[in-house]
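Visitor: My request is simple: use the sequences and hints to build the entire structure.
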Amino acid sequence: MKHIGHGNKEIVERVIASPSEAKERVKGLTQVAITGRIARECIDIAYGFFTPLDGFMGKADVATVCQKMTLTNGTLWSMPIVFDITGEEIREKGIKVGDTVLLVYQNTALAILEVGDIFNYDRTEMAQAVLGTTDGRHPGVRMFNDLRDTFIGGKVTLVNIPRFNPPFDKFWYTPKQFRAKFKEKGWERIVAHQTRNVPHSGHEWLMKGAWFSANGELPVEKLRTGILVSCIIGPKRVGDYIDEAIVLGQQRLHDARYFRDDIHMVSIALWDMRYAGPKEAIFHAILRENMGCTHHMFGRDHAGVGTYYDPYDAHRIFDQIPKGSLNIKPVRILAWWYCPICGEVTYSGLCGHSQEKQDFSGTMIRSMVQDKVKPTKLIFRPEVFDNLMESADKYGFGSPFCTEEYLSKRQPVFELPPL
Amino acid sequence: MAETCSVNLWINEERYDRLNKIGLTNATKDVLAGMKVLQLQCTKEQKDRILTLYPMAKWDSATTKSIELLPAEAKDRLFNLVIEKGVLNIIEEFLKGVNQMY
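Chains as they are written, first to last, in numbering that gives the first Met the number 0: chain V, 0 to 418; chain A, 0 to 101.
Careful, some of the hints might be misleading.
[Stated by the list, open to error] Think about it this way: if two alpha-carbon atoms lie no more than 27 Å apart in a straight line, the pair counts; the simulated BS3-like pairs of lysine-lysine are:
1. V:Lys207 x V:Lys67
2. V:Lys67 x A:Lys35
3. V:Lys373 x A:Lys35
4. V:Lys376 x A:Lys64
Bear in mind the hints are in silico, worked out from the structure with no lab data behind them.
Guide: Below, the structure is given as structure tokens:
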């Protein structure tokens, strides 16, 4: 069965599943060591998460993405997907267009890259185009600034299938597997909830509100709309929630039946956030379109950071793209707050007690936990809090937040078996 | 009007008892269906100084307009200053103390 992804292109897996065939294919290839970001993006490309991309972008695609927010063929695309390398390494290894190189992650073969283009591109221009700023305090700008000076464009094929470690193994699906899972569940509409957070009630109600929106006119006796929680797995910093607490916290909401079993599913996605606000929202929509979702929830300040973007820029950008350029619908949602008059967590678009409302956020709840205060159950489910503490003991070396110890000693999300 | 923000000190039983001893429990605010918080107000300039001293802290500009994720020792020092001085207006004192430490 054909699965159609973004740009109306078929989702094609570029994976050599047979180890003996893979061994044969990589024999004698020049090796290039890659970073964690590039490894994650190789996996994404190879399984079709970035359809229609079949590799890292060449210069022409990077230019049109930066200038027009499209690929050279006109397909909507907001984020340069680039393979950076030093010019020195290119020279030393004699890498040239037409070559195939072996990409090695943590001393193990991961993928092959067919060199289609070698080029330079102004990284500041890239940052300005994608992020709308070149301010070095913006984490996305720092990421672009840290790119090495030369780029290789070309097709990527996985030669080694990553093995996801527990607890992540239960939450990892490829786009084709997602689609099979949705079919098995009988879901016709799937609304994606992108997250990097242990869920509080605001998140829970965002998801529930998005479900109502997505379900729309469908019959309700037998539900055919599902929520896909898509936890972003990428680089971590000291003070962030540990990945295990996030993924298992989302699952705990499910297990504690704050969501019905037949309408909710937790998963992971490999992606290094650029914090590009509106342009990242477009990218997230494309990613979830490829995963088989029909709707994507966008809350306040989606993928934003600091005050670089208006809280609703990531909503408005969907009004600025050509009709039909995405096969996924944005579900735009305002904030949820606690209202002491209503006595509940309620939607700011419905509750009229704006003078009395009490805002809360994931950051505020992290502060409470740091202050050793258990949040009330109306804003943070006790089961999720218990999970946070269990994850701290089991995975976080005593802390639910990333510490230097966690970052250096944690079990990796995935590993590569020796080829 | 000048921009103001707050540092939230979440009050557990131990902190509540200490506030009670100096008669400051009425300075706490009941929020979020049963939580107690002590909100220390600071100016924009003080906020910027705090964020420079504690780069891991976060100014939650989008939702709560408060400085969050200060390290535990900084929050303990803020709370201890409140107890010692018996007032909430201790941010300047706190900043002076931090500057002397470095």
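Visitor: It remains to establish, for every hint, whether it holds in the given structure.
Guide: Checked hints:
1. V:Lys207 x V:Lys67: Answer violated: lysine 207 of chain V to lysine 67 of chain V is near 35 Å, above 27 Å.
2. V:Lys67 x A:Lys35: 50 Å, violated
3. V:Lys373 x A:Lys35: Holds - the C-alpha atoms of lysine 35 of chain A and lysine 373 of chain V are around 11 Å apart, at most 27 Å.
4. V:Lys376 x A:Lys64: Holds: lysine 376 of chain V and lysine 64 of chain A sit about 23 Å apart, inside 27 Å.
In this structure, the hints that do not hold are numbers 1, 2, in rising order.
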